[in-house]
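Chains as they are written, first to last, in our numbering: chain S, 925 to 1242; chain F, 70 to 759; chain R, 14 to 306.
The list that follows gives simulated cross-link-like pairs (lysine-lysine, DSBU-like), each with its CA atoms no further than 30 Å apart:
| hint | chain 1 | residue 1 | chain 2 | residue 2 |
| --- | --- | --- | --- | --- |
| 1 | F | Lys486 | F | Lys507 |
| 2 | R | Lys130 | S | Lys932 |
| 3 | R | Lys130 | F | Lys543 |
| 4 | F | Lys573 | F | Lys349 |
| 5 | F | Lys507 | R | Lys130 |
Chain S is nowhere near these chain F residues, computed Cβ spacing over 12 Å in every case:
| hint | residue |
| --- | --- |
| 6 | Gly456 |
| 7 | Pro550 |
| 8 | Glu603 |
| 9 | Pro686 |
| 10 | Pro729 |
| 11 | Gly736 |
Simulated from the structure, these hints should not be mistaken for laboratory data. The beta-carbon is built from N, C-alpha and C at its ideal position, and this holds for glycine as well.
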Amino acid sequence: MNYLYLLKRVAIAGLSVFVVSSVVFGVTTLLPGSAANIVLGTEATEEAVQQVNEDLGLDRPVYVQYLDFVGGVFTGDFGESLISGQPVAEILWPRLLRTLQLAVVAMLISMVVAIPLGIVAAAFRDRAPDFLITSGSYVGLSIPSFVSATLLLLFLTTPPLALFPKGGYVPPREGLVEWFHHLLLPALAMNTVILAYVLRQTRSSMVETLESDYIRTARLKGVAERNVLFKHALRNGLLPTITVLALNFGWMMGSVVIIEQIFAYPGMGEMIVQAIENRDLPLIQAGILVPTIAFITANFAADVIYTMLDPRINLGEE
Amino acid sequence: MSLEQQNRRAEGDPLLSVDSVDVTFEVADGTIRALRDVSLDVRSGETVGIAGESGSGKSTLALAIVRYLDANGRVDAGSITFDGTDLLSASRGQLRSIRGNRIAHVAQNPATALNPSMRVGAQVREAIELHQDPESTAAADERVYEVLDQVNLPDPEGIARRYPHELSGGQQQRALLAVGLSCNPDLLILDEPTTGLDVTTQAKFLDLVEDLKAEYDAGILLITHNLGVIAQIADRVNILYAGEMLETGPVEDVFTEPANPYTQALLATTPEIATNKDVKPIPGRIPELDRIPDGCIFADRCAFATEECRSGDVGMAAVAEDRAHESRCLHWEEVVANPVVAGERERVERTRGEAIMTVSDLRKYYDEGTFVQNLLGDHEPVRAVDGVSLTIHESEAVGLVGESGCGKSTLGRTLLKLHAVTDGRIEYDGRDIHDLSKQELNEFHSECQIIFQDPEASLNPSKTVRAIVERPLKLFGDRGPEARDDRVVELLDQVNLGADIVDKRPQELSGGQQQRVGIARAFAADPSLIVLDEPVSSLDVSVQASILNLLEDLCTEYGTSYLLISHDLSVIEALCDRVAVMYLGEIIETGATDRIFDPPYHPYTRALLSSIPSLDPHDDRDRIRLDGDVPDARDPPTGCSFHTRCPQKIGEVCETEDPPLDDVGDGHAVSCHLDEAEMSDPLDADITGS
Amino acid sequence: MATEDATAETDGERLPPIVTALATNRRILVGLALLVPVVVAAILGEAVAPYDPTETHVAQRYAGPGGQFILGTDHLGRDLLSRVILGGRTSLLLGFGATALGLTLGVPIGLLAGYVKGRTDEVLMRVMDIIISVPTLLLGLLILVALPSNIVNVILAIGVVYAPRIARVTRSATLSVSEQEYVLAARARGESNSYILFREILPNVTGPVVVEGSVRVGYAIMIGTALSFLGLGSGPPNPDWGFMIATAREHIYQTPWFLIWPSLALLVTVMATNVIGDGLRDVLDPRVTGERQ
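Chain S extracted, bound-state conformation (with noise of 0.2 Å):
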């Protein structure tokens, strides 16, 4: 592993942190309305107002604030709710990982599914299993979640195929079963596209991988076609789909917010909407930050997985 490498990419990411809290900060301090009147309405006295901009530190210049916030950012403090006064790192933290816990069972589902199917087509290409695979992927692509989830919950909460909770989540130490049977609907509901999309990837890589010059070499060796998958054609066929996993976990991210609105799962993504609602200054700051974040490092999980993976890669090179 090179490290300059590996330092290169922490770099680029911790900027792309730096850089993103800053916009973050810039569009949010140009919203209209002040923060003084959202927690005191309207109504406010001139006094009151100039109270709660002094608590809440917005009297002090634009840099002082804006260093602040980013410090923040780094140090995992956003600051207090507008609206409860609660540190918002307190209540982030639990629907976070709620959140997580919804997206990686998704995710595990995207791959559970979508890979064997994407392999199915490559390997059957042209003929029946490909047309069918491939056909039904363009449905998935074309649904968003939102009616995909409310389809779900139409068809499957309610009689005569009550079979799931209409929503709400369940920690898993009150029953793994429990917990699984409520994430299960939003995270089928948020997997529509994202497993279309991985199905297809999958596919056309492993078709590309399959009409390579290596691949005729290990048939002319007369290795069973069972072998050709999966010893030759799936590792190099694969990489790619490492990549793309990484970009839908950013998808996902975004289609929490109305996956967890529509299933009224307590995470980060109902949170964003609320907060933006209620005009929550710091809570829509941290929503929008603190995904984004998790995308970054998934970005660079994926990168470091790659080049461990690929032989080929020439660190350090791009």
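Fit chains F and R to the supplied structure of chain S, relying on the hints for placement.
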């Protein structure tokens, strides 16, 4: 081996017998008849060559034998029998037990034919474990090392642990051959095994195949476009053209007394070094394989063709009584009596003028590292051009020869300001090209043009031929639109293209036509110097000859100077007045073209010359084989850069002192510590790489 | 797009083979068959809508399809067909508008980065990477939190989100094209940078860019509807698929049709752009080539 098999072999039955095979491919707009009535036999211990240009179907034949045609292709007629087994009706299981075990297919392009994420050893062992049932892992490993050693890979255990991308091109080709040899196959199919390799690497690979043949007693089917390769190692040869076998016979007979007009034309169009052979282009084009004309497939391009040749079926005629030598020609007797042969070259004496471009101590380094890398001090730049001095005169063709990675293309491009200079000077017309005024710069650009290797990539696919050729006229000339149009047609005519192609786009033209358009574009600027970067190396040999003749004519007609960059000495010889030989970014020998082919030689030049396979099956030149691979240009050897591989290395002086480029007479200069006699003496025995 | 410039030069005598290839591609034809009716209906709008989409028919709330109202009515008794047609106008405007904006911003950046290379490329691409590192929907949310939510700002938000992705595709195509020998030949002729960029390179990167753009249209529509589902769209009473679906959820037990029609319209439209995108890729940017001898 069963008794029955042994008996059959003893009777001299062929190991592989291809009999009247037809192969077709279904495509969107019709049927391509890729192979028609192709027959050949391969016996144990025999090397059978298949020679053909692109579109001849030679690789299709190899894949048909191992039953690996694309899904849209099939064998329509004929039979393929391998050691008593009908391959065309063999089950999947039978095929699996034959492939890799008894028939090994070694593909071209080893860089992509080896699995990039599997260690070399594992790829060799896989076949052994599949077919040989080794007693233990250790036994399998033992066999892996043995095979890697047999293909002359140094440190087999080390190589086995490496990934393909960590090997050089020559080593990759050896590793791929090791995969093929791992199960002691009865038949080894080599599909363009040396295409893409440097000539010195190719020579070593061919030696290896010869040695292994003696050891394994396998039949070898060798497919190549390179007639020299066949002359050197094959016993029999089959000449394939547009999907038909036109001639077959022992190599000696076919190469010395070809009985088919195509074979004769092919031999006459193939350049040979140091022979004064004037290559003769083959007129016309290979026919479209979806519209096969009646009669002889070569009739349209044949000087002997008569009415008879254009109808009915033309079968194989026996040239030798025992049918060992056959030709698909109605007039073969006349053909043998009046062969098509290449002429003698008359060197056009060009009067060399003033120096127009002078290069002094030029250096061009790549990838000089980022700030951080240099700070950490673990980064060396690639020294692509490392102190080159060269002068090009008016009306002179200078050749720059060297193997891949020697920096010859970088040098050519740096001369045209396509790369920034790291150090040194380039003067054009007495002025440093890096401080020209805008006016002078414009003039420089119009005076110096470039022609590239890949004719397709050198033409913008979104433009028409007219737009491409017209552009320099617009940019540098002061002609009106109509005069420009006329000039475009005139230029196209000079490169032997009709005016009817002006509205075509590059992808609608053949490779040869594309290269002609590229040449017309270069001459449109009315240049005084053209850098030709491997202008014919991606073209078929018959097209190559016509392009070389064209370049020669234009050079004489326009008085243009050429800098011809090529890895192929025969191409350089055909066109150049003077040659410079490059190795690892430096010029190690330079002189008039004829002088380079005669002693005294730089040891590298000598090795290069001796590595070029000759068309003469009885060739008995020195065989000098170089050890190892070209060193890393990031870390070139101290002293003489060639000392790590030099068969005539003297001693320490070679490692410490960089020999100057000393004149040995008549402007012939060699950079070597040997004295002139040592550079001229015939070498005792084969100096072969250990 | 820019391909037209290239054909203009040839006096347009013959159709380039690419046009035939596009016109006979099965995927493109299927996609167009799905998309064209949606687009035509959206453009004609009021002219084909049987009712005023905002007109309420209180007596006929939650009507099923097949009666006076072909597709039924919503919770306020508004005609669903008319609303789906006019809602398509918003969604398509958004999809094409945001993609156009993304192309306008992304293509020049990608061209520049891929052509100039070196530091400039590094810096530009890092900036693009950073924008991409914010999840799409969140970036859209962020922009719409700061700006009033109307269709122009939604287009702006999605356009900005897309620009880096388009820039990336353009850059990688530019990088490979600028290594081609015909570009070197142009440089050896001393052509100006603008000639090389716009006449030599641009016509040859349009393939991948068009493919990317066509896929983006569908995604833009999806994100746009998602935003308006969250209440950050163009807003009532203008019909809009996302907002219709959001409202329909609350009335799901009274009439499923209210949910089904806009969802179906959305599905068909996005699917059409995906299918067309694949068809365009087959023709313009073939990555998996079935090459044969």
